[in-house]
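**Q** Sequence:
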Amino acid sequence: MTVQRGWNFLQTPGPTNIPNRVLNAMHTPAVEFAGPEFQAFCTSLFTDLTTLFKTDGRVFIYAANGHGAWEAALTNSLSPGDKVLIPETGRFGLSWGDMGRTLQIEPEILPNDWRSAIDPADVEARLSADTNHEIKAVLLVHTDTATGITCDVAAVRAAMDAANHPALLMVDTIASLMTTDFRMDEWGVDVTVAAGQKGIMLPPGLAFCAVNEKALEVHKTSTMPRGYWDWTYRMNEEVFYMAFCGTAPEQLLFGLRAAIDMLWEEGFDNVFARHARLSSAVRAGIDTWAEAGALELFARNVDERSNAVTAILVDPAYDPVHVRNICRENFNLALGNGLGKVAKETFRIGHMGDLNEPMVFGTLASVEAGLKLAGVPYKSGGVEAAIEVLTAS
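Sequence positions in the sequence shown follow this note's numbering and run 2 to 394.
FYI, nobody ran anything at the bench for these hints, they're computed from the structure.
No residue lacks a Cβ here, since even glycine has one placed at the ideal position from N, Cα and C.
Keep in mind that the hints are not guaranteed to be accurate.
Okay, derived cross-link-like pairs now, DSBU-like style, lysine-lysine, Cα gap no bigger than 35 Å in a straight line [stated by the list, open to error]:
| id | residue 1 | residue 2 |
| --- | --- | --- |
| 1 | Lys345 | Lys215 |
| 2 | Lys342 | Lys380 |
| 3 | Lys380 | Lys345 |
| 4 | Lys345 | Lys373 |
| 5 | Lys380 | Lys221 |
| 6 | Lys84 | Lys342 |
| 7 | Lys84 | Lys137 |
| 8 | Lys342 | Lys373 |
| 9 | Lys84 | Lys55 |
| 10 | Lys342 | Lys55 |
| 11 | Lys137 | Lys55 |
| 12 | Lys84 | Lys345 |
| 13 | Lys137 | Lys342 |
| 14 | Lys137 | Lys215 |
| 15 | Lys221 | Lys345 |
| 16 | Lys221 | Lys137 |
| 17 | Lys215 | Lys84 |
Using C-beta positions, here's what the derived DEER-type ranges look like [what the hints assert, rightly or not]:
| id | residue 1 | residue 2 | range |
| --- | --- | --- | --- |
| 18 | Asp99 | Ala393 | 38 to 48 Å |
| 19 | Glu33 | Ala122 | 33 to 43 Å |
| 20 | Glu385 | Leu46 | 25 to 35 Å |
| 21 | Glu385 | Tyr319 | 18 to 28 Å |
Take these sequences, add in the hints, and give me the full structure.
**A** What follows is the structure, encoded as structure tokens:
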């Protein structure tokens, strides 16, 4: 086994790099979770989380990953036999639908090319045809982590309104929250799901549901079996213990406090601008390599390309897994694998969270070296292209 020195370049699209400030905040002894100081700490944390989602609604915190947030959203607002509409934009919308099937929900997939975002007109047409309002929710992934494509949430809501359809709009922001702007209330989102291990810069282990009044009203008539996930239990104002349905994940909450403080200090708009700038540099490097004909940005449309992750399409003559393995073994660089129906055709570069320019340069240089060792044709100069983007006035 080769001993690798220095630090691992973790450029997967989750988990992401955890700032030392967050790690240090978590390195704290346990406290009395029923005591007044911790209760006050958590109360302020719940309030401050609403600023990340840009909502006046309620936020629930779960000791879970993003799949837990999916299940919480479904079990609290739907009933067995309900139908949901899932615009197909990649692997994760389909996976959310698969979870729904296990809960006896009937998902209907709105077909779409994985290489482009959903057309809101298709959503409007399908909902307009649903004259009996059998579809109870639209499940939309804001940024699909498998494809690196970001959808226009506000346009989908406008399409739902144009169809005069009462379905809930549920949005997965697991890969998008704090990498690009998200405006829950302004865009008319009823339920937002998120997780901490991407743009929020936490270790895996915290998931969130942000919920508006419409969703809370629908929740009152939901008959889905649930226990741990239940919003009603967690809104018990007299028993603070129930806010977490048991013992609170204290150390993760201490880390979350530090992460929110860091995001505030940078300024949310600056956070989004940094992600946009760094993702543009990554794509400039890939576009340069692609001139040799063996590589291509997976997302076709420029304005749909994610600030969080970029998927790279590889010519069938070459193996993206081989490229990833070389980067890991030779350069201590961790990249994302392909997922779903493009698992054998793509690899992914994550560029979200605690990230800066030198990390982008190091990542691109290592991938370029990996392409060379793997025998994948590429035009050299990916790093130089990124430098041009990041030094442009």
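**Q** It remains to establish, for every hint, whether it holds in the given structure.
**A** Each hint tested on the structure:
no.: 1; hint: Lys345 x Lys215; result: 42 Å, violated
no.: 2; hint: Lys342 x Lys380; result: 27 Å, holds
no.: 3; hint: Lys380 x Lys345; result: 22 Å, holds
no.: 4; hint: Lys345 x Lys373; result: 19 Å, holds
no.: 5; hint: Lys380 x Lys221; result: 58 Å, violated
no.: 6; hint: Lys84 x Lys342; result: 24 Å, holds
no.: 7; hint: Lys84 x Lys137; result: 6 Å, holds
no.: 8; hint: Lys342 x Lys373; result: 26 Å, holds
no.: 9; hint: Lys84 x Lys55; result: 28 Å, holds
no.: 10; hint: Lys342 x Lys55; result: 34 Å, holds
no.: 11; hint: Lys137 x Lys55; result: 24 Å, holds
no.: 12; hint: Lys84 x Lys345; result: 32 Å, holds
no.: 13; hint: Lys137 x Lys342; result: 28 Å, holds
no.: 14; hint: Lys137 x Lys215; result: 13 Å, holds
no.: 15; hint: Lys221 x Lys345; result: 44 Å, violated
no.: 16; hint: Lys221 x Lys137; result: 14 Å, holds
no.: 17; hint: Lys215 x Lys84; result: 18 Å, holds
no.: 18; hint: Asp99 x Ala393: 38 to 48 Å; result: 43 Å, holds
no.: 19; hint: Glu33 x Ala122: 33 to 43 Å; result: 55 Å, violated
no.: 20; hint: Glu385 x Leu46: 25 to 35 Å; result: 44 Å, violated
no.: 21; hint: Glu385 x Tyr319: 18 to 28 Å; result: 23 Å, holds
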